[in-house]
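Protein chains in written order, with our numbering: chain A, 136 to 282; chain B, 269 to 660.
Keep in mind the hints are simulated off the structure, nothing from the lab. These numbers were taken from a predicted model, which means no experiment stands behind them. No residue lacks a Cβ here, since even glycine has one placed at the ideal position from N, Cα and C. Some hints could be false.
What the hints assert, rightly or not - Where chain B lies over chain A, by a calculated footprint (3+ residues, C-beta under 8 Å): (1) 166-174; (2) 190-200; (3) 269-277.
Stated by the list, open to error - Counterexamples of contact, computed for chain B against chain A with all Cβ distances above 12 Å: (4) 275; (5) 294; (6) 314; (7) 336; (8) 371; (9) 423; (10) 498; (11) 580; (12) 633; (13) 658.
As the list claims (entries may be wrong) - If you anchor each label on the Cβ, the simulated ranges turn out as follows: (14) 188(A) with 657(B): 43 to 49 Å; (15) 588(B) with 263(A): 29 to 35 Å; (16) 580(B) with 188(A): 29 to 35 Å; (17) 161(A) with 463(B): 49 to 55 Å; (18) 139(A) with 541(B): 44 to 50 Å; (19) 189(A) with 552(B): 36 to 42 Å; (20) 393(B) with 250(A): 49 to 55 Å; (21) 271(A) with 537(B): 25 to 31 Å.
Listed here are the chains, written in short residue letters.
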Amino acid sequence: MSNYYLNTVVTAPVPMGDGLDKPFWEGLMQEKLLLQRCNQCRRWQWGPEWICHRCLSFDVGYEELAPTGRLFSHERIWHPVHPGLNDQGPYVVALVEFPQADNVRIVGNLLGDPRQKLEIGAPVKGVFEHHRDSDPAFTLLQWRLGG
Amino acid sequence: MRRSLRGRVAVAGVGETTYYKHGKSPDAEFKLALKAVLAACESAGISPREIDGFCSYSDDRSESIRLANALGIPDLKYSVMQWGGGGGGAMGAVANGAAGVASGLADCVVVFRSLAQGQFGRFGRALTGYTASGEWAHTTPYGLLSAAQMFAMKATRFMHDHGVKQDAMRAIALAAYQHAQNNPRALMRGRPLDEASYDASRWIVEPFHLFDCCQENDGAAAIVLVPAERARDLPNAPCYVLSGGSGVPYRAPAWSHNATDYGSSNFKTLAPRLYEMAGIGPKDVDTLQSYENFTGGVMMSIVECGFCAPEEVNAFFTKENFLAPTGKLPLNTSGGNLAECYMHGFGLVIEGARQIFGQSSNQVKDAKISMCTGGPMVSPISGCIFGAEDTL
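If we strip away everything but chain A, and leave its shape as in the complex, we get (with noise of 0.2 Å):
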């Protein structure tokens, strides 16, 4: 489990039975961050709906975004509220927005010194964490500081 930011598989994702978010799961097992954009306004839209929130569009597709964005928003988890993550000590969960792409945000972890010092704005990079083993198998995307 070393290369894993977590000390255990706290769940595994699956997409929706309905499809809805079946794109970014499989893009993430591919190493690509694809999210949702409209294709009528172009506008991004996260989480994933079945229509524009903005034009109300049922065109809406998956498109593959850069997975580089900046620090909106942190967290330092100390207490477990999961038994996998009870000698997990604090981890940091990151909320991560995308300036490029209608600031449309994801939640991921941010790798590194989990007691290092977080600042909101600073920019970061995404890194795929690929669990092959799992059953089923998925992909998470993680976070390192760094342009």
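Once you've looked at the hints, dock chain B against the given chain A.
Okay, now just chain B, sitting in the frame of chain A:
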């Protein structure tokens, strides 16, 4: 005719069970609900057989139909569940109940919450399913699991944007614990909290210390709503509903923490509606019961309800300002979710009414207007404003 709830419905009585630490209730959850309903009827001076409606929120397991059947109610006319999880529907359920009475769909509505976390699983522990799909798939694999973890980043962003210091949240906790020392129902009575103990307490998730987080409890709480004219013939001083409602601002529930206005308690749209219907402003509020899932949500909701500007938080948020009877804004005067009991916020509704009845254990002198706000940071959030006879 102007459509409004103002002054048409009153809280006639309030009641709760003994409050327990989670897992410690000797009674089944449904029995707790029954006990709270009966206690509220006794306080109101009415027969339980007069009840013809039930309202609740957060998918309360004690279903209205089962309650009506168990209590031998002759005709259940009104049965309304407020959509949305968490405690954000607490005051929305009050508004729904008041709407039923005001519209004539019902004559006597009990609004309640029953919760035995020990019997059905705690909110503060992770769900243990191995796979996650939908909204949870985008957060839980990263160890973002509990409510505290869901909301900490909102508080951090707000504090960053407005230069707020930790002491602001500490003041909320200190005031709650001080109020609890006078409240015989409060689980934290006899366990006072001071600055040093707060500062030394462990982090749950930054910026929330242990004492910034609500308890987890077993119990039940209920109120009785009747038409205003009926309330005048009942024992308690009428506590009129001046306004109530719920709100989900634009994109607030967007997955993966994509709320457009992120560092927010979600009260910016509801607060003006509550004041407008009540015909008052924040300066008229004598006491505020503000839902503490976490102190950071109270902090943002106090700002968004107009009690101070974001830039004034560090100066305004002092224990003294929040203490009954003399503070500028007596806050959570029962001890609230932090120090009385976490009855999913319904204890705050009861305390808001008790202030108007003149029955609080931390009574604000001549309290005429009492405001309750529920569920900061969730969707929906809700609120209500109660007023005494001479506010009509």
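So, going through the hints one by one against the coordinates:
1. 166-174: Three-residue rule not met by the stretch 166-174 of chain A, so violated; n is 0.
2. 190-200: violated (count 0)
3. 269-277: The restraint on the stretch 269-277 of chain A holds, since 3 of its residues have a Cβ under 8 Å from chain B and three suffice.
4. 275: Given that every Cβ of chain A is farther than 12 Å from that of residue 275(B), nearest at about 38 Å, it holds.
5. 294: holds, 27 Å
6. 314: holds, 43 Å
7. 336: holds, 36 Å
8. 371: holds, 32 Å
9. 423: violated, 9 Å
10. 498: holds, 45 Å
11. 580: Holds: least Cβ distance 22 Å, greater than 12 Å.
12. 633: Correct as stated: the minimum Cβ-Cβ distance to chain A is 40 Å, above 12 Å.
13. 658: holds, 46 Å
14. 188(A) with 657(B): 43 to 49 Å: holds, 46 Å
15. 588(B) with 263(A): 29 to 35 Å: Check failed, 52 Å falls outside 29 to 35 Å.
16. 580(B) with 188(A): 29 to 35 Å: holds, 34 Å
17. 161(A) with 463(B): 49 to 55 Å: holds, 52 Å
18. 139(A) with 541(B): 44 to 50 Å: holds, 47 Å
19. 189(A) with 552(B): 36 to 42 Å: holds, 39 Å
20. 393(B) with 250(A): 49 to 55 Å: Once the Cβ atoms are compared, 25 Å apart, the range 49 to 55 Å for residue 250(A) and residue 393(B) is violated.
21. 271(A) with 537(B): 25 to 31 Å: violated, 40 Å
The structure fails hints 1, 2, 9, 15, 20, 21 (numbered hints given earlier, in ascending order).
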